[in-house]
Each structure stands twice: as C-alpha cells, then as structure tokens.
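Undergrad: One-letter residues, chain by chain:
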Amino acid sequence: MSAQASARAVLGRGMRAAQAPEAGHRAAKNFFVEVCRCLPWVLKNYHLEELTSVEQLRRNVASMFRKYSDVSSPEVIDLLVYKGREELEMILMQHKQRHHLITQYIHNPAKDRVAKPATMSPFLEAFYKSN
Amino acid sequence: MQRYRGALARLQAVGLQSARGMAAAAQPAPAEDLIEVTVDGQKVSVPKGSNVLQACDAAGKDIPRFCYHQRLSIAGNCRMCLVEVEKSPKPVASCAMPAGPGMVIKTDTPLVKKAREGVMEFLLINHPLDCPICDQGGECDLQDQSMVFGSDRGRFTEVKRAVADKNLGPLVKTVMTRCIHCTRCIRFAKEIAGTDDLGITGRGRDAEVGTYVEKLMTSELSGNVIDLCPVGALTSKPAAFTYRNWELKTTESVDTSDAMGANIRVDTRGMEVIRVVPRLNEDVNQEWISDKARFQYDALRYQRLNVPLVRGEKGLQQASWPEAFAAIARAASKVQGHEMRAVAGRLADAESMVLLKDLMNRLGCGDLRSEAGFADLDADTRSSYVFNSTIAGVDQADAILLVGCNPRLEAPVLNARIRAANLAGVPVAAVGEQYDLTYPVEHLGANGDALDKLAKNSDYMKRLKGAQRPMVIVGAGVLQRADRDAVLAKVAKLVEKGEVVREGWNGFNVLHDAASRVAALDLGFLPSARARASKAAPKLVYLLGADDYSEADVPPTAFVVYQGHHGDRGAARADVVLPATAYTEKYGTYVNFEGRPQSTKPAVASVGDARDDWKIVRALSEVLGAPLPYNSLDDARRRLADVAPHLARRDAVEAPLWLAGEQWKAAGDRKAAADAAPLASAIANFYQTDAISRASKVMAKCVRARQNPIPGLHAASVGN
Ligand code: SF4
Ligand code: FES
Numbered sequence: 001m002s003a004q005a006s007a008r009a010v011l012g013r014g015m016r017a018a019q020a021p022e023a024g025h026r027a028a029k030n031f032f033v034e035v036c037r038c039l040p041w042v043l044k045n046y047h048l049e050e051l052t053s054v055e056q057l058r059r060n061v062a063s064m065f066r067k068y069s070d071v072s073s074p075e076v077i078d079l080l081v082y083k084g085r086e087e088l089e090m091i092l093m094q095h096k097q098r099h100h101l102i103t104q105y106i107h108n109p110a111k112d113r114v115a116k117p118a119t120m121s122p123f124l125e126a127f128y129k130s131n
Numbered sequence: 001m002q003r004y005r006g007a008l009a010r011l012q013a014v015g016l017q018s019a020r021g022m023a024a025a026a027q028p029a030p031a032e033d034l035i036e037v038t039v040d041g042q043k044v045s046v047p048k049g050s051n052v053l054q055a056c057d058a059a060g061k062d063i064p065r066f067c068y069h070q071r072l073s074i075a076g077n078c079r080m081c082l083v084e085v086e087k088s089p090k091p092v093a094s095c096a097m098p099a100g101p102g103m104v105i106k107t108d109t110p111l112v113k114k115a116r117e118g119v120m121e122f123l124l125i126n127h128p129l130d131c132p133i134c135d136q137g138g139e140c141d142l143q144d145q146s147m148v149f150g151s152d153r154g155r156f157t158e159v160k161r162a163v164a165d166k167n168l169g170p171l172v173k174t175v176m177t178r179c180i181h182c183t184r185c186i187r188f189a190k191e192i193a194g195t196d197d198l199g200i201t202g203r204g205r206d207a208e209v210g211t212y213v214e215k216l217m218t219s220e221l222s223g224n225v226i227d228l229c230p231v232g233a234l235t236s237k238p239a240a241f242t243y244r245n246w247e248l249k250t251t252e253s254v255d256t257s258d259a260m261g262a263n264i265r266v267d268t269r270g271m272e273v274i275r276v277v278p279r280l281n282e283d284v285n286q287e288w289i290s291d292k293a294r295f296q297y298d299a300l301r302y303q304r305l306n307v308p309l310v311r312g313e314k315g316l317q318q319a320s321w322p323e324a325f326a327a328i329a330r331a332a333s334k335v336q337g338h339e340m341r342a343v344a345g346r347l348a349d350a351e352s353m354v355l356l357k358d359l360m361n362r363l364g365c366g367d368l369r370s371e372a373g374f375a376d377l378d379a380d381t382r383s384s385y386v387f388n389s390t391i392a393g394v395d396q397a398d399a400i401l402l403v404g405c406n407p408r409l410e411a412p413v414l415n416a417r418i419r420a421a422n423l424a425g426v427p428v429a430a431v432g433e434q435y436d437l438t439y440p441v442e443h444l445g446a447n448g449d450a451l452d453k454l455a456k457n458s459d460y461m462k463r464l465k466g467a468q469r470p471m472v473i474v475g476a477g478v479l480q481r482a483d484r485d486a487v488l489a490k491v492a493k494l495v496e497k498g499e500v501v502r503e504g505w506n507g508f509n510v511l512h513d514a515a516s517r518v519a520a521l522d523l524g525f526l527p528s529a530r531a532r533a534s535k536a537a538p539k540l541v542y543l544l545g546a547d548d549y550s551e552a553d554v555p556p557t558a559f560v561v562y563q564g565h566h567g568d569r570g571a572a573r574a575d576v577v578l579p580a581t582a583y584t585e586k587y588g589t590y591v592n593f594e595g596r597p598q599s600t601k602p603a604v605a606s607v608g609d610a611r612d613d614w615k616i617v618r619a620l621s622e623v624l625g626a627p628l629p630y631n632s633l634d635d636a637r638r639r640l641a642d643v644a645p646h647l648a649r650r651d652a653v654e655a656p657l658w659l660a661g662e663q664w665k666a667a668g669d670r671k672a673a674a675d676a677a678p679l680a681s682a683i684a685n686f687y688q689t690d691a692i693s694r695a696s697k698v699m700a701k702c703v704r705a706r707q708n709p710i711p712g713l714h715a716a717s718v719g720n
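Chains as they are written, first to last, in this note's numbering: chain A, 1 to 131; chain B, 1 to 720.
The hints are simulated quantities; they were obtained by calculation from the structure and are not laboratory data. Because the structure is a prediction, the values reported are computed rather than measured. C-beta atoms are modelled at their ideal positions from N, C-alpha and C, and glycine is treated no differently. There may be inaccurate statements among the hints.
Pairwise CB distance ranges, derived in the manner of DEER restraints [as the list claims (entries may be wrong)]: (1) Arg59/A / Ser528/B: 52 to 62 angstroms; (2) Ser130/A / Ala648/B: 21 to 31 angstroms; (3) Glu55/A / Pro629/B: 41 to 51 angstroms.
Below, a sample of chain B positions facing chain A; criterion: calculated Cβ distance under 7 angstroms [to be verified]: (4) Gly41; (5) Lys43; (6) Ser45; (7) Lys48; (8) Trp321; (9) Asn631; (10) Asp634.
On the chain A side, residues computed to face chain B include the following (Cβ under 7 angstroms) [claimed, not checked]: (11) Phe32; (12) Val33; (13) Thr119; (14) Phe123; (15) Asn131.
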C-alpha cells in the first residue's frame, strides 16, 4: 500500500470508529496497527531518519497506548481512539510540523513526564527561587 | 497625657523593684505627696513638684508647646503654653509655673485663645514661609500649631529678618532663619550630650542659635537635635530634600550598630531606607539614638553583596546559588568536621547563629567563635557576661565604676544616661585609659595593679561599700585582652569586697560592644573543649558576617566561606561568598547587653539574590548532607527557645542568677599574670565599627569632620 493510500484509508475509517462504540479493545488494537502502518511514511516524510528509527517510533507510540491500559469503558476508549485518529490525521495531512513530532514522539513522552527526582526538599527549592 | 503616663509607669516600675528588696531610694509618691488641682473644672492629682503643664497633661488637656520637653530643663521662653490661672492677673507660661494645691487652671478661655494667637503671630513674624521646600513640612510643630491656634492673618508688614546658616558638620543641616529660639537644641547639647557646642548670641531681633565660632558638633548623639527641633531649622543633612514625611512607610525595628539595641523606626520609600529615627523605650534608649544608628543607613546602598560569588581563576566570580553551594560541598567533602571552624560576626542574628551551631555540630565541628576575641570566655554563668543592673538601673545607681571601658563610644546613649546620673550627683570613677566622657570622672589608675590597689581597703573601696547601689561596668575591651582571666579575677575580688552584688541589686555589669555578642554567649556559640585543646589549623572557615576576625582565626591556606551583606574584609578573603540580608531587611533576634532579646523587622526587600541568614544556613545544610529540620522562621525561633529559653521572652530582661561569684573561681584558679598595659576600650573610631558603618559615606565624612572639628583651624586636637 502506498503512503497516500494508507492515509486515505485512515481518514475514511475515522468515521466508522466513531460510529461503532461497542468495538472496545479491538478498535484500539486496530487503530494501533493503523498507526504502525503509517510510521514508515511519517519517518520519511518528516525526515526523521536522522533522529530515530521506525522501531523506536513504534515503541514510543506503543508506550502512549499502554499508558491507558487500565481504561475499560468503551466510551472512553472510543474517545481516545477518536483523539488519536485526529492526531494521526493531522500528521498525515501535514498540518503538523517536524518539531511537533520531534518533541511529542521522538523522546518518549511517557518517560519524559516522569517527575523530577526528589533530590531537594521543598525548602531548598523555594530557597533557590527567591528569598 | 502620654508623657505623664510614661512617667507614672516609670515610677511604678521603680516601686516594683523596691518591692523586690532594693533599698528604698525611689518610692512612688505617697498620697500626701500628691496635690490636687482643677483643670477646666476637672480635678486631677499630680505629684508635688509638677508644673502646670504636666497637670494639664494629666487631665488630658493638650497644651501647645515649643520649648518644653520632658527630658530637658525648663526654659519657658516660647510662651506658647500660656494658660489662665485663677487669681493671676496675666496668663502664665504653664511649663514654667509649678502647680500649687488647689490651683484652678483654665485652658480654653477666650483669654487663652487670644494669648496663643498672639504668641503665634509673634513667632511667625520672623519665620520664613518656606514650608513647601522645608524638610520638616508635614511633621512640623510650628506648622501644626499655627493651623490649630494661629490667626488667619498677621499684622506684620515689614521685612523679615534673615540669619546665616551654621555649619554643624556632616549630619545636621541648618536653616537658621527658621529658628524660633526655643533653645531645645542648646539644652540638649548641654544637658544630655554634654558637649557645650551650641548657644545663643545676640539679643532681641539679632538673637541667633549657633556655635559662635564655626565649629562642628562633637557629640555622638548630635542627630537627636533634629528630632527635638520643633521647626525645620535643624534637619538631617544626608536626607535633605529627599523625602516628604507622608510618603514614608515606617517599620519598628531595632538598631544593631552597637550592643545597646536601641529601638528605632525605619522609614522607607519603596526599596530605599530614607531615615532612621528613635522609638521611645524607657528601659533602653529613652528617646535617643546615636549618630551611627541614625545615619549609617546610606551604607545599605553601597558595597552590597547581591549575588553569590565563587573564587575562580579570575578572582571572585558571579555564580548561582546551587553553584556556590556545590563549591562549598566540594571543599567540605575534603575536610573532616574537626578541621572546620565557624566565626560569627558582630551583626549576626541569633537565629542564624543557632542554626550554624547546629549545622557545624552535625558535621562534627565544635570550633565556634565570635570575631575579635574571647573565644574561650566561660559563658556558663549568664550573670558573668551581661549588664546585670539593666540600663534603667543606671538611674538608681549611686556609685559607678568603669573598668576599661569608654561608654561614650561603645554605647553613646548609655553614656548619656550615666551622665544624667552623674549630673544628679552620682560619682563616676574609672580604672583604665582616660577618656573624655562628657562628665567628670575620678581616675583611679590605668591597669590591673590599680584594681588590686582599689581592692585593698582603699578610700574608694569604702565609698563603694557605703553606696546603696554601686555599679561596676567592665568594658568589652577587657574581655578581649590576653590577660583577661587575671584582670577578671581582680575585678571579682573588687566586686566581692565592695559588696557590689547584694540582696536585690546586682551591680556587676559587662558592657559589650557588638550587637551579636550576648546572643552568641547565650547560645553557647563557643568552641567545644576538644576545639579549645586542638592546635591544628582549620582547613575550612565559615564566616557568618565576620569582617573583624583576627588573622589567627583564619589561616591563609583555609577555604573560606563568607556569608554577609557587605563587601568588606571577610568577602575579600573568601573563596565563596553567600549574599545575605542586612538588619533592615530581615527578622532577626538581637540580644542587647542587658540580655534583652529584641527583633528587627524587614523594612525593605532584600537586594538582588540575597537571602535571609538563617535560610542560607538551612539550605546549605541540606546540600552538605546534614539537613536541619527548621523550615520556617518560627521553627528557627523555637530552636532558639530550646537552646536558650529566655530568648523566647521578647523585649524583656530575664534577670540572671548570681552564683555568689562562684563563676570567678575557675578564672582565678588559672593564675594568669596581668600585664601592665592600661585597660582600654576596643573601639577607637566610633563612626566605623562594622561592615555597614565602614561602607557608609556619611560615617566617613564624620570621621573626617572629627579630625578637624573647627574648620579653618588646622590640626585641631581631636576629642577622642
Ligand atoms: S534650632 Fe530648632 S531646636 Fe534650636 S533653638 Fe532654634 S528652633 Fe529651637
Ligand atoms: S513651652 Fe512653656 S514657654 Fe515654651
């Protein structure tokens, strides 16, 4: 499948996912597979080869899916898939720019959001800020 | 009313003390010593000897006044205080008229109103109408009283007189045309300050207040005439034309320029301290402050440390707080606890000292000292290092012996109080170097031998014994001597033989000269036994605002951390400089030489990247891996109260226990020999004693002015 074709497929199926709330986990899995299919094209189109690889990107995306592994309500899953698709669409339509992808997907956002190691007491932190 | 209440409270306080077993010299006036007068139909009782003005005050009637001041003699020359007294043909000047029993006084009759209006008109004849450019404008007695009591027009159409301004030195600005000849300043200089600098020349229309020949005011209290002058004739020279009083925000704080802890009011505008004026506290400074306390504030703008500095290849370089702390941590990791030393400076507050002590102890260091001497003073007994009689006690003393101290420079306001006692007939004697203290002092010898001679049944000894409340005041200079123990042993003998400490009265006093010293001793900011015994040179020295440290305390090879607010000797020597806040920018507990804990309050924000002292110590402790559990000022103060419970009772003196001289035994046992050098004060230059006053341009001008007090007369001898 060419890149454009897969993009069209995604856009077309976006409607269907929204209409089928009972699809549940399967919808999410399908969506993940869809995203994975797009990744080589994304890598090439946004010139990300110099920064990362398809595998790496896939791992990052997977970790973002996994962050919501405890979600079971079909409505929420549907919403998440919907938002994910929105994002994917923007990437495929090139509404996003290269730096968006770099900041959001190349560094593992799940990992990046880890809180600062607590090496400092609140007192010291306040002390460094001001008197 | 306020004033009279103050007087009454004073009388009551005296009464309380006598109840505690003091001799009965000053009792509150018993009922038969009260007289009853009628003020505007209201009966009031006042002590015998009061004047009519005091009686009116007691009745709550405000009498306008210019020349009367309750701490000065009565001049009775402004005539503003006229009231009507029944059976007297003319209105009388109430300040100069003693109140008699049964007097009927009227303060709101048409006659009084007319008289006041008339006096006001006369006063304004020669007073310039320059209020818009006068620094007193807005807080001027003449302005206020002419608004209330003056007429809306004058009949004077001739030319107003003009008077040449006088040069009174770098502190007091004069616009003599404004003078209304109340003579408050003259009486202050003569009676309180004890320097006969001012006087009146000429008479009638030509009367002028001045120094006759051009001569600068040579008193350490000269700034107080600015507060006393009811008009804008005497104003502050350093603050001239910089403010209008209604723009200022006031903060009640405490002075740290000497160990007296004078109560001050810090007036600020925005980020700047505009002026410092005294606050009434009968037990401490009455209503005076020294010139240093009043005028050193300009230094808060100069030479400030506002960023952390770390010594690199190019000398001290700007750094961030984490970088500065990291540099200290690196240095500290290379040395052991017992190779460190902390030195507290003259201006260190009690909170930062107690935290630094805790931090050092946690790091295994017991070598804590105060700068400039007596690291090994025995501070086990509090009564051996504080001013036991209290400052107010000076008023009750009937014999005063000064040992190696110069109160005029060490605590000018205390000196004024001693002078007042002296004027009231209390003899003052001194052992040690001779100083001009503004009152006659019987000089009894210069060194330790003289003390020995005194103790041996001398004539003076008999007088000391005969006195009811004798006072012995030992200067801080004595404690800094190498032969301190020997001298103190002699003083101890003198105190014992002269029965200076007796039932209800402790006449043994130590007069410290640094604001931080008593707190340091109270908190045990002293070297541990091990540190005392150790001869090894420390490898890391922590200077807590110490600029007057002795070279021996800071070896040349040591890594030096300086925490403080002014770039002075300590910062120049340091490897890491941590910027801290000055006394006008923080809450800090200072214990004065009586042992009275008082707190400064922040009047302005801290400069640049500076932090409060206790916070710096707390933050550093965490970086050094020995975190202190104090996260707020209250925590720090609780810790202070744990270590020294009396520091929790603010503004009050906890009378220390006198252990019948037991504490001297140890000193006496050491059998050191006293050397023959005269007992001298450690302060030679009143105007520049610490990092703040040394950075002050005004204080530098004062030093120069003192070297040449009579401009034009070359190389005049300097008072002291
Ligand atoms: S200068 Fe001020 S204090 Fe002195 S006599 Fe004149 S008005 Fe009074
Ligand atoms: S106050 Fe009485 S004459 Fe001046």
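Undergrad: Against each hint, give a clear statement of whether it holds in the structure.
TA: Comparing the hints with the structure gives:
no., hint, verdict
1, Arg59/A / Ser528/B: 52 to 62 angstroms, "60 angstroms, holds"
2, Ser130/A / Ala648/B: 21 to 31 angstroms, "29 angstroms, holds"
3, Glu55/A / Pro629/B: 41 to 51 angstroms, "50 angstroms, holds"
4, Gly41, "59 angstroms, violated"
5, Lys43, "57 angstroms, violated"
6, Ser45, "54 angstroms, violated"
7, Lys48, "56 angstroms, violated"
8, Trp321, "5 angstroms, holds"
9, Asn631, "5 angstroms, holds"
10, Asp634, "13 angstroms, violated"
11, Phe32, "43 angstroms, violated"
12, Val33, "48 angstroms, violated"
13, Thr119, "10 angstroms, violated"
14, Phe123, "5 angstroms, holds"
15, Asn131, "5 angstroms, holds"
The earlier numbered hints that this structure contradicts are 4, 5, 6, 7, 10, 11, 12 and 13.
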